[in-house]
Amino acid sequence: MLLQISEPGASPDKAACKQRVVGIDLGTTNSLVAWVGEGSPAVITPSGGAALVPSVVSYDGTDVIVGDAALARGEAHPMDTVASVKRLMGRALADVGAAVSMSPNQILDDAGRMVKLRFSDGRERSPVQVSAAILAELRMRAEAALGGPLDGAVITVPAYFDDAQRQATRDAGRLAGLEVLRLLSEPTAAALAYGLDRGTRGTYAVYDLGGGTFDISILTLVDGVFEVRSTGGDSALGGDDLDRAIVTAIAGELPALDELERKRALGSATAAARAAKERLTEVESTMVRIGATERALTRAELTAIAAPLLERTGKACRRALRDAGYEPAQLDGVVLVGGSTRSPVVRAFVAELFGREPLCELDPDQVVALGAAVQADVLAGGQTDIVLLDVVPLSLGLETMGGVVEKLIVRNSTIPCGATQTFTTYADQQTGFDLHVVQGERETVEACRSLARFQLRGVPPMVAGAARIEISFKVDADGILHVDAVEQVSGITAAVDVKPSYGLTDEEVERMLIESFDHAEDDLIARNLRTEQVEAERILAATRAAVIADPHLLDDDVRAATEAAIVTLEAARSGTDYLAIRGAIEALDRASKPFAERRMNLAIARAMQGKDLDAVEQELSK
Amino acid sequence: MQSHAGPDPFAVLGLEPRFDLDSTQLEARFHERSREVHPDRFVGAPAGQRAAALVQTRALNDAYQVLKKPQRRAEHLLARHGVAIDERERLEPGFLMEILELREELADARVANQLERVKALGADMRRRQQMMVDGLAPRFGQLGRADDAAVLAAIKHDLITLRYLSRYVEECDAAIDASD
Numbered sequence: 103m104l105l106q107i108s109e110p111g112a113s114p115d116k117a118a119c120k121q122r123v124v125g126i127d128l129g130t131t132n133s134l135v136a137w138v139g140e141g142s143p144a145v146i147t148p149s150g151g152a153a154l155v156p157s158v159v160s161y162d163g164t165d166v167i168v169g170d171a172a173l174a175r176g177e178a179h180p181m182d183t184v185a186s187v188k189r190l191m192g193r194a195l196a197d198v199g200a201a202v203s204m205s206p207n208q209i210l211d212d213a214g215r216m217v218k219l220r221f222s223d224g225r226e227r228s229p230v231q232v233s234a235a236i237l238a239e240l241r242m243r244a245e246a247a248l249g250g251p252l253d254g255a256v257i258t259v260p261a262y263f264d265d266a267q268r269q270a271t272r273d274a275g276r277l278a279g280l281e282v283l284r285l286l287s288e289p290t291a292a293a294l295a296y297g298l299d300r301g302t303r304g305t306y307a308v309y310d311l312g313g314g315t316f317d318i319s320i321l322t323l324v325d326g327v328f329e330v331r332s333t334g335g336d337s338a339l340g341g342d343d344l345d346r347a348i349v350t351a352i353a354g355e356l357p358a359l360d361e362l363e364r365k366r367a368l369g370s371a372t373a374a375a376r377a378a379k380e381r382l383t384e385v386e387s388t389m390v391r392i393g394a395t396e397r398a399l400t401r402a403e404l405t406a407i408a409a410p411l412l413e414r415t416g417k418a419c420r421r422a423l424r425d426a427g428y429e430p431a432q433l434d435g436v437v438l439v440g441g442s443t444r445s446p447v448v449r450a451f452v453a454e455l456f457g458r459e460p461l462c463e464l465d466p467d468q469v470v471a472l473g474a475a476v477q478a479d480v481l482a483g484g485q486t487d488i489v490l491l492d493v494v495p496l497s498l499g500l501e502t503m504g505g506v507v508e509k510l511i512v513r514n515s516t517i518p519c520g521a522t523q524t525f526t527t528y529a530d531q532q533t534g535f536d537l538h539v540v541q542g543e544r545e546t547v548e549a550c551r552s553l554a555r556f557q558l559r560g561v562p563p564m565v566a567g568a569a570r571i572e573i574s575f576k577v578d579a580d581g582i583l584h585v586d587a588v589e590q591v592s593g594i595t596a597a598v599d600v601k602p603s604y605g606l607t608d609e610e611v612e613r614m615l616i617e618s619f620d621h622a623e624d625d626l627i628a629r630n631l632r633t634e635q636v637e638a639e640r641i642l643a644a645t646r647a648a649v650i651a652d653p654h655l656l657d658d659d660v661r662a663a664t665e666a667a668i669v670t671l672e673a674a675r676s677g678t679d680y681l682a683i684r685g686a687i688e689a690l691d692r693a694s695k696p697f698a699e700r701r702m703n704l705a706i707a708r709a710m711q712g713k714d715l716d717a718v719e720q721e722l723s724k
Numbered sequence: 555m556q557s558h559a560g561p562d563p564f565a566v567l568g569l570e571p572r573f574d575l576d577s578t579q580l581e582a583r584f585h586e587r588s589r590e591v592h593p594d595r596f597v598g599a600p601a602g603q604r605a606a607a608l609v610q611t612r613a614l615n616d617a618y619q620v621l622k623k624p625q626r627r628a629e630h631l632l633a634r635h636g637v638a639i640d641e642r643e644r645l646e647p648g649f650l651m652e653i654l655e656l657r658e659e660l661a662d663a664r665v666a667n668q669l670e671r672v673k674a675l676g677a678d679m680r681r682r683q684q685m686m687v688d689g690l691a692p693r694f695g696q697l698g699r700a701d702d703a704a705v706l707a708a709i710k711h712d713l714i715t716l717r718y719l720s721r722y723v724e725e726c727d728a729a730i731d732a733s734d
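Residue numbers (this note's numbering), protein chains in the order written: chain A, 103 to 724; chain B, 555 to 734.
Check the hints yourself; a few may be wrong.
[What the hints assert, rightly or not] Short, incomplete list of chain B residues facing chain A, as computed with Cβ under 8 Å:
no.	residue
1	His585
2	Arg589
3	Pro593
4	Ala599
5	Ala601
6	Gly602
7	Gln603
8	Thr611
9	Val620
10	Val723
11	Glu725
12	Asp727
For the record, the hints were derived by calculation from the structure and aren't laboratory data.
This structure is a prediction, so every number in the text was calculated from the model and none was measured.
Cβ coordinates follow ideal geometry from the N, Cα and C atoms, glycine included.
Take the sequences, apply the hints, and build the full model.
This is how it looks when you write it as structure tokens:
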């Protein structure tokens with residue numbers, strides 16, 4: 103006997119069965135979490151606290167402190183306090199040279215992979231763990247405000263984040279105990295928050311200058327569809343760089359005391375520069391003290407200091423416009439995102455670049471989180487009125503003979519997308535292949551970013567040139583690449599070992615998960631149980647809704663098997679054995695598979711052919 | 555260099571296979587289909603449906619790419635008629651000489667860092683490309699009347715020529731990207 107549960111999103115008693123999902127802006131300087139409560143998106147603020155959580159983490163042995171308290175602790179414990187960790191995500195030491203020389207943290211090479219941080223007690227941590235600490239703090243805030251565990255979160259990333267940076271973000275979410283529903287591009291999130299899709303069809307530019315990253319996206323919006331036409335940017339350019347430029351302009355090189363003293367001095371100098379910069383939003387001139395120098399800084403001087411940095415953003419904007427095939431005059435508007443865009447200097451630059459005054463009514467610090475919350479709500483409710491069509495920001499390719507890159511997927515391709523390339527063997531009896539996946543626009547491998555190396559093994563020995571190894575690239579909706587390989591002559595799926603160039607392996611993430619718990623084993627089991635229970639509830643609701651919607655597509659034997667599997671799953675879900683729940687979920691999947699396939703075929707057929715329902719059903723039942 | 559042995563792009567978008575497509579209608583169809591199959595719609599669904607959504611959406615996005623640009627659309631339509639583009643086919647020596655000279659002009663302009671000249675070369679070639687593309691619709695219109703083989707051969711010739719032209723435009727764009 104099936105219980106009556108309505109289609110998700112259509113129930114009149116929506117609040118009762120509504121999922122607890124949130125949007126998270128994991129920013130370089132500040133982070134925040136938002137949700138869609140009873141209608142419009144709102145930032146979650148703890149009572150008596152601030153909405154913005156500084157993206158700062160301080161470690162005291164195994165104690166983890168996040169936010170304002172960490173910022174405060176940073177004065178006394180600079181080496182153990184990490185700020186702007188976003189700049190280190192998915193990056194090797196070679197990529198972050200500048201950050202290293204200025205940061206009070208010990209940032210170390212890890213055999214060419216993503217950097218690691220060493221703390222004063224000798225412990226080492228990955229930037230992924232540090233980011234996870236921030237995400238966990240936001241999760242706990244949200245759970246306290248929403249009155250229970252979260253069912254999922256949308257986490258934003260710069261549109262220009264590459265594959266390694268995205269993987270690192272997704273891993274951080276996992277470590278923080280979050281079900282990451284989607285990685286959402288920050289400019290797209292902002293466009294969602296502005297609701298530019300209402301009204302007539304329009305094409306907008308989103309200029310997003312954060313603390314550490316710059317993104318430019320060109321989107322076409324109409325009736326709930328947000329189609330990204332092109333995206334560009336610089337994932338190592340932001341307001342922080344302007345602060346440092348101000349320091350250099352005013353005080354030149356700071357006196358070379360010992361390393362730690364120098365970094366400490368730089369830290370306070372940068373803070374003073376940032377404060378002065380922010381004051382210049384309101385006034386034309388302000389006093390600033392950096393190092394031994396104390397003098398006035400004017401808006402005009404700030405404009406001059408900022409010019410080279412802003413010009414870099416201009417270059418990215420021009421390229422994005424070219425890629426999208428638009429002249430600035432053809433746009434319907436420009437949206438500003440990111441705290442740095444509060445500055446009149448930046449606004450003047452953007453206005454000139456695009457030939458119009460930019461839109462900035464929404465708080466540029468909050469707009470991304472609000473947009474993420476909107477999408478979390480959409481994903482949880484299964485609505486169809488909003489569709490986000492995002493793109494891959496950088497081309498993806500394979501290294502071929504001579505260190506040349508063969509591009510399989512070009513930048514600005516709408517995701518999810520895929521492409522295949524067929525290779526053959528050079529030598530007789532060759533049974534293995536080395537494949538190198540790279541990302542970037544340049545022709546040579548050295549100039550591109552290494553994503554992963556594959557070793558394809560088990561290719562049956564054949565004459566040279568006879569094998570047909572089909573490599574397929576698949577980018578998912580988060581913009582992350584998956585690679586498969588099949589040898590077509592023999593039909594064998596050859597074994598593929600992926601060594602991510604910068605990312606964490608699954609084993610490493612598991613180990614970190616265990617390390618993060620005081621009572622590792624118990625907590626891990628509890629977490630697994632909760633995860634399986636959440637998944638079980640989701641599958642049960644979806645299956646019941648499907649049965650209510652399309653009962654005519656259920657054969658008697660499939661119905662009986664499905665109902666039996668539902669009963670088993672309900673029983674398992676109320677228990678404490680997470681493996682039993684997982685088994686019951688898989689059993690329900692199998693039992694209802696014929697039904698699910700018919701529903702899917704029907705939905706596709708309906709969509710593709712535009713025929714009426716009866717005709718399609720007749721065809722399907724043949 | 556993709557093998558396009560996938561589903562029929564016209565069928566995926568639910569359109570009649572023809573060259574002259576209304577781009578507004580094409581975009582509207584693409585948006586409609588995206589609503590139906592996009593993975594965002596299936597986040598809470600069982601694994602099988604999620605996987606199917608990914609496959610369907612990739613096919614949809616690929617189909618849209620084929621139909622959106624006139625050149626790719628034309629190449630696809632030609633393939634439907636059993637005519638493949640073979641770039642090794644000879645074009646007129648006069649045309650090839652012209653392209654060679656234009657390439658040299660572009661190379662000279664790049665070396666001398668004459669960005670405006672590069673832009674002008676690119677703009678000229680774009681105009682030329684557009685004119686050729688505009689000529690494709692009437693050609694496709696002639697199919698089914700008398701000598702299809704001849705019409706298809708003429709279209710094929712135009713498309714091979716267009717490949718040279720669009721590669722040139724890409725080189726100009728790349729030069730602008732690099733020097734900006």
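- Task: With a cut-off of 8 Å on the beta carbons, see whether Gln603 (chain B) makes it to chain A.
- Result: Because about 6 Å separates Gln603 (chain B) from the closest Cβ in chain A, which is inside the 8 Å limit, the hint holds.
- Identify whether the interface hint at Val723 (chain B) stands, where standing means a beta carbon of chain A within less than 8 Å of its own. Hint on Val723 (chain B): violated, closest Cβ of chain A at ~11 Å, above 8 Å.
- Satisfaction of the Pro593 (chain B) interface hint, Cβ to chain A closer than 8 Å: holds (5 Å)
- Message: Given Arg589 (chain B) as an interface hint, is its Cβ closer than 8 Å to any Cβ of chain A?
- Response: holds (5 Å)
- Item | Hint validity - Asp727 (chain B) Cβ closer than 8 Å to any chain A Cβ | holds (7 Å)
- Query: Given Val620 (chain B) as an interface hint, is the shortest Cβ-Cβ distance to chain A below 8 Å?
  - Reply: violated (12 Å)
- Would the stated hint for Gly602 (chain B) survive a check requiring a Cβ distance to chain A of less than 8 Å? Holds, about 6 Å.
- Taking 8 Å as the limit, does the beta-carbon of Ala601 (chain B) come near enough to a beta-carbon in chain A? holds (7 Å)
- Query: Can the hint on Glu725 (chain B) be confirmed by a CB-to-CB distance to chain A that is less than 8 Å?
  - Reply: Result: violated, 12 Å to nearest chain A Cβ.
- Measuring from the C-beta of His585 (chain B) to each C-beta in chain A, is the shortest one below 8 Å? Because about 4 Å separates His585 (chain B) from the closest Cβ in chain A, which is inside the 8 Å limit, the hint holds.
- Hint check, Ala599 (chain B) versus chain A [nearest Cβ-Cβ separation less than 8 Å]: holds (6 Å)
- Mind checking the CB of Thr611 (chain B) against every CB in chain A and telling me if the closest is under 8 Å? holds (5 Å)
When each numbered hint is compared with the structure, violations occur for hints 9, 10 and 11.
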